[in-house]
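Visitor: Could you build the full structure based on these sequences and the hints that come with them?
Chains A and B, in that order, give the protein sequences. The first sequence maps to residues 287 to 508 in the numbering used here. The second sequence maps to residues 2 to 309 in the numbering used here.
Hints are computed from structural coordinates only; laboratory data are not their basis. Remember, predicted model here, so these are calculated numbers, not experimental data. Please note: incorrect hints may appear among the correct ones.
Unchecked claim - Label pairs and their in silico Cβ distance ranges:
1) B:K237 <-> A:K380: 45 to 55 Å
2) A:Q457 <-> B:L141: 19 to 29 Å
3) A:D426 <-> B:I152: 26 to 36 Å
To be verified - For lysine-lysine, the following DSSO-like pairs were computed, each having C-alpha atoms within a straight-line distance of at most 30 Å:
4) A:K320 <-> A:K388
5) B:K237 <-> A:K376
6) A:K446 <-> A:K473
7) A:K377 <-> B:K237
8) B:K237 <-> A:K380
9) A:K386 <-> B:K237
10) A:K386 <-> A:K316
11) A:K374 <-> B:K237
12) B:K286 <-> A:K349
13) A:K361 <-> A:K380
14) A:K379 <-> B:K237
15) A:K446 <-> A:K477
16) A:K349 <-> B:K237
17) A:K473 <-> A:K449
18) A:K386 <-> A:K376
19) A:K361 <-> A:K320
Said to hold, decoys possible - If you only want the chain A side, here are some residues facing chain B, beta carbon under 10 Å, derived:
20) S307
21) F341
22) E354
23) N355
24) N367
25) L373
26) P375
27) R421
28) T425
29) L502
30) A504
Heads up, the beta-carbon is just placed ideally off N, CA and C, and yes, glycines get one too.
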Amino acid sequence: MIAGLIGPNGAGKTTLFNLISGFYKPNSGKIYFKGKRIDRLPTFKIAREGMVRTFQITRALSKMTVLENMMLGPKYQSGENIMNLWLKPKKVKKQEESIKEKALDVLEFFDLLDLRDEYAGALSGGQKKLLELARALMTDPEMLLLDEPFAGVNPTLAMKLLKHIETLREQGMTFLIIEHDIHKITKISDKIFVMNEGNLIVEGSPEEIKRDKRVLDAYLGG
Amino acid sequence: MIPIDYLITIILFASIYAIFSLGLNLEWGYTGLLNFGHVAFLAIGAYATVLLSLKGVPLVLSVVSGIILAGLFGFLLGIPTLRLRADYLAIVTIGFSEILRLFLLNEEWLTRGPFGLHGFPRPLSLYIPYKDYNLFLLILVLATLFLIYIILSVMVNSPWGRVLKSIREDEDVASALGKNVFSYKIQSLVIGSAISGLAGAFLAFYIQYINPRLFVPMETFYAWIIVVLGGSANNKGTILGAIILQIFFSGTRFMESSVPLSSHQMGALRIMVIGLLLIILMMYKPEGLLGQEVSRQLMAAALMWKNA
Numbered sequence: 287m288i289a290g291l292i293g294p295n296g297a298g299k300t301t302l303f304n305l306i307s308g309f310y311k312p313n314s315g316k317i318y319f320k321g322k323r324i325d326r327l328p329t330f331k332i333a334r335e336g337m338v339r340t341f342q343i344t345r346a347l348s349k350m351t352v353l354e355n356m357m358l359g360p361k362y363q364s365g366e367n368i369m370n371l372w373l374k375p376k377k378v379k380k381q382e383e384s385i386k387e388k389a390l391d392v393l394e395f396f397d398l399l400d401l402r403d404e405y406a407g408a409l410s411g412g413q414k415k416l417l418e419l420a421r422a423l424m425t426d427p428e429m430l431l432l433d434e435p436f437a438g439v440n441p442t443l444a445m446k447l448l449k450h451i452e453t454l455r456e457q458g459m460t461f462l463i464i465e466h467d468i469h470k471i472t473k474i475s476d477k478i479f480v481m482n483e484g485n486l487i488v489e490g491s492p493e494e495i496k497r498d499k500r501v502l503d504a505y506l507g508g
Numbered sequence: 002m003i004p005i006d007y008l009i010t011i012i013l014f015a016s017i018y019a020i021f022s023l024g025l026n027l028e029w030g031y032t033g034l035l036n037f038g039h040v041a042f043l044a045i046g047a048y049a050t051v052l053l054s055l056k057g058v059p060l061v062l063s064v065v066s067g068i069i070l071a072g073l074f075g076f077l078l079g080i081p082t083l084r085l086r087a088d089y090l091a092i093v094t095i096g097f098s099e100i101l102r103l104f105l106l107n108e109e110w111l112t113r114g115p116f117g118l119h120g121f122p123r124p125l126s127l128y129i130p131y132k133d134y135n136l137f138l139l140i141l142v143l144a145t146l147f148l149i150y151i152i153l154s155v156m157v158n159s160p161w162g163r164v165l166k167s168i169r170e171d172e173d174v175a176s177a178l179g180k181n182v183f184s185y186k187i188q189s190l191v192i193g194s195a196i197s198g199l200a201g202a203f204l205a206f207y208i209q210y211i212n213p214r215l216f217v218p219m220e221t222f223y224a225w226i227i228v229v230l231g232g233s234a235n236n237k238g239t240i241l242g243a244i245i246l247q248i249f250f251s252g253t254r255f256m257e258s259s260v261p262l263s264s265h266q267m268g269a270l271r272i273m274v275i276g277l278l279l280i281i282l283m284m285y286k287p288e289g290l291l292g293q294e295v296s297r298q299l300m301a302a303a304l305m306w307k308n309a
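Guide: Rendered as structure tokens:
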């Protein structure tokens, strides 16, 4: 399922993302994911639960290669434990190989395969967006929080990104997407939430949202 | 001709500083930790080794204790600071290194203060003739340097090292991908400090006399110069940096006789020249001599991509 989150500038969309992903701690209220309360967990534990976010301003790990960026993704890598490097080198190496294989597959899916040995900092803005999504996918998430995935991406690339997201939805992944462009988000979302001044003002299907007067008011400042 | 003894001295010093700086390179080069008190761990390693061995603790055990103690202090300093942003670690570590130096200077019952400590045992010194001892120590230090280099290479090129690099690049991304950033920073600081502690033990063995003056903040910045000069996140670069700095020091010492300056003035001039060289380096080759470099070629390729 794809849920869209829209609202004018300053509505609190990114703040909501920061709350859900654990970067901010809420003053009040509770956040549940898969029936488990997560609002007190640190960010990395929320990510391990299977909910992974991307950032509005892309954050490629510039001085790491595209492939390294990708291989960072998977959770619970045995080679991330310093003792295992010495005690279980074979296991580490084997896992590393399968992670690499998977990374190359995902890179191919995103048309980034040729760039695998480039530093991530050398990619274009749109490519960085793709890389960030691809890297998030490497964690095998159940739910992805995407903060304006189409912003600053040229139309051709945006179409491609859109198609990728729809493919992933068909595979059973859940999305919560922040997007400014109402037309784009109503096209792909199953459900849309509209925020304004820190509050949820409307929720409903894309058709309902398009007709709702309150949404228009929020955007036009009526 | 440079006498062989002098050559041994230069290489010994360079190797000890290389070990010392490899610890910093793990912290700064790979993890992005701003440790401005690296010398403290050198001091802990040196003093712990010497004090314990003077108390009759077997030498190997003394050295190991020095390493562990240095690591432990890294851990203790990391706990309150590494959850915060980078500058807090810098402030706390530089403060700690000065507090420690003043402690060593003033707690005379323990350290003999400004008089320093000497006459402590050195590894296998009973079996090796005094005139050959530096050569033996050189071999020991070089072997250790090689071993540490190999161990670090395995670590930084592993998934573990990949997490460190991701923290250096952007720790929010690392935690958003499920990495326990705090834990990795602590590990990096502890290991870097422990390596520095080992360098401290070797420093003591080599100069056979330690006192608090050896551990002034400038020593920390020599390690920084070495790391930045060779190229952050490049262990070969760090070793190269240590060699270059040592050659620079020795070379300018040779020149002392032909320059109408007192040795004190010469010392100040030396540091000024280093500063100047660093500025030039940062302007023309900011990634260091060997650098983990985002090379010009790569940047050019990226520009072409964008324009295409």
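Visitor: Next step is simple, just say for each hint if it's right about the structure.
Guide: Hints versus structure:
1. B:K237 <-> A:K380: 45 to 55 Å: Hint violated: Cβ distance 28 Å, outside 45 to 55 Å.
2. A:Q457 <-> B:L141: 19 to 29 Å: violated (58 Å)
3. A:D426 <-> B:I152: 26 to 36 Å: holds (32 Å)
4. A:K320 <-> A:K388: The hint holds at about 26 Å.
5. B:K237 <-> A:K376: holds (26 Å)
6. A:K446 <-> A:K473: Judged against 30 Å, a Cα distance of about 14 Å means the pair holds.
7. A:K377 <-> B:K237: holds (28 Å)
8. B:K237 <-> A:K380: holds (28 Å)
9. A:K386 <-> B:K237: Distance ~26 Å between A:K386 and B:K237 Cα, so the pair holds.
10. A:K386 <-> A:K316: Between A:K386 and A:K316 the Cα gap is close to 38 Å, so the pair fails against 30 Å, i.e. violated.
11. A:K374 <-> B:K237: Satisfied, since the Cα-Cα distance of roughly 27 Å is no more than 30 Å.
12. B:K286 <-> A:K349: holds (16 Å)
13. A:K361 <-> A:K380: Status holds; Cα separation ~15 Å.
14. A:K379 <-> B:K237: Status holds; Cα separation ~24 Å.
15. A:K446 <-> A:K477: holds (21 Å)
16. A:K349 <-> B:K237: holds (18 Å)
17. A:K473 <-> A:K449: Distance of about 12 Å is within 30 Å: holds.
18. A:K386 <-> A:K376: holds (15 Å)
19. A:K361 <-> A:K320: Since the Cα atoms of A:K361 and A:K320 sit roughly 18 Å apart, the hinted pair holds (cutoff 30 Å).
20. S307: holds (6 Å)
21. F341: holds (7 Å)
22. E354: Because about 6 Å separates A:E354 from the closest Cβ in chain B, which is inside the 10 Å limit, the hint holds.
23. N355: holds (8 Å)
24. N367: holds (7 Å)
25. L373: The hint is violated - A:L373 has no Cβ within 10 Å of chain B, the shortest such distance being about 13 Å.
26. P375: With a closest approach of 9 Å, the A:P375 hint holds.
27. R421: holds (7 Å)
28. T425: Holds, about 6 Å.
29. L502: Violated - the Cβ of A:L502 stays beyond 10 Å from chain B, reaching only about 34 Å at its closest.
30. A504: violated (29 Å)
Of the numbered hints stated above, those contradicted by the structure are hints 1, 2, 10, 25, 29, 30, listed in ascending order.
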